[in-house]
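Undergrad: Sequence:
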Amino acid sequence: MGTKGCTDLMMLLHRTGHALETELTARFAEIGLTPRARCVLSGALDADRTQSEIADLIGIDKTTMVVTMDALERAGYAERKPSPSDRRARVIVVTPLGREIVAKADELYEEIVTSVLGSLPGDERDGLVNGLARLVEGRLSAVVPCEKPPRKRALRQAIG
Numbered sequence: 005m006g007t008k009g010c011t012d013l014m015m016l017l018h019r020t021g022h023a024l025e026t027e028l029t030a031r032f033a034e035i036g037l038t039p040r041a042r043c044v045l046s047g048a049l050d051a052d053r054t055q056s057e058i059a060d061l062i063g064i065d066k067t068t069m070v071v072t073m074d075a076l077e078r079a080g081y082a083e084r085k086p087s088p089s090d091r092r093a094r095v096i097v098v099t100p101l102g103r104e105i106v107a108k109a110d111e112l113y114e115e116i117v118t119s120v121l122g123s124l125p126g127d128e129r130d131g132l133v134n135g136l137a138r139l140v141e142g143r144l145s146a147v148v149p150c151e152k153p154p155r156k157r158a159l160r161q162a163i164g
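When we follow this note's numbering, the leftmost residue of the sequence shown carries the number 5, and every step to the right adds one.
Some clues are possibly wrong.
Taking lysine to aspartate or glutamate and the DMTMM-like style, the derived pairs with C-alpha atoms no more than 20 Å apart in a straight line are [stated by the list, open to error]:
#1 K108 <-> E77
#2 K108 <-> D60
#3 K108 <-> D90
#4 K85 <-> D50
#5 K152 <-> E34
#6 K85 <-> E27
#7 K85 <-> D110
#8 K108 <-> D50
#9 K66 <-> E83
#10 K66 <-> D52
#11 K85 <-> E114
#12 K108 <-> E57
#13 K85 <-> D60
#14 K152 <-> E141
Hints in this document: simulated from the structure, not taken from any laboratory.
Fair warning: this is a prediction, and the values are worked out from it, not measured in the lab.
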């Protein structure tokens, strides 16, 4: 595969990811949540994880995590509580209201993903999902060290 194929793959992945993220953002806004907030709450459900652990789990930087957690606390969806195993650390605890909103967001998410994947024939749908999972777990599982890594916003401006 030549350079054009590689560039096309990046563009296809970027455009599909952006379109899906935009649709999720619009639909989650209807219930007062963001996709990132859903990921944080889901990462904290029944897990006794710290902010740093959740940030690492879902792939966001620590500053973004703090801002997201501040918003979740203000909304009454989560709380920071002392860790039972490390008195210096604080774990994220999802409140009953937070559990309700995650359940609603999960329903919306399933509806959207089912609709998106349902637009493909079954063999293509399975192949796409399985292939992407293998890439994320294998070849693309570790970020290559880079002196100036691309930022999502800069990438969007450069190709979109």
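Undergrad: Would you pick out the hints that fail for this structure and give their numbers low to high?
TA: Violated hints: 2, 3, 5, 6, 7, 11, 12, 14; rest satisfied.
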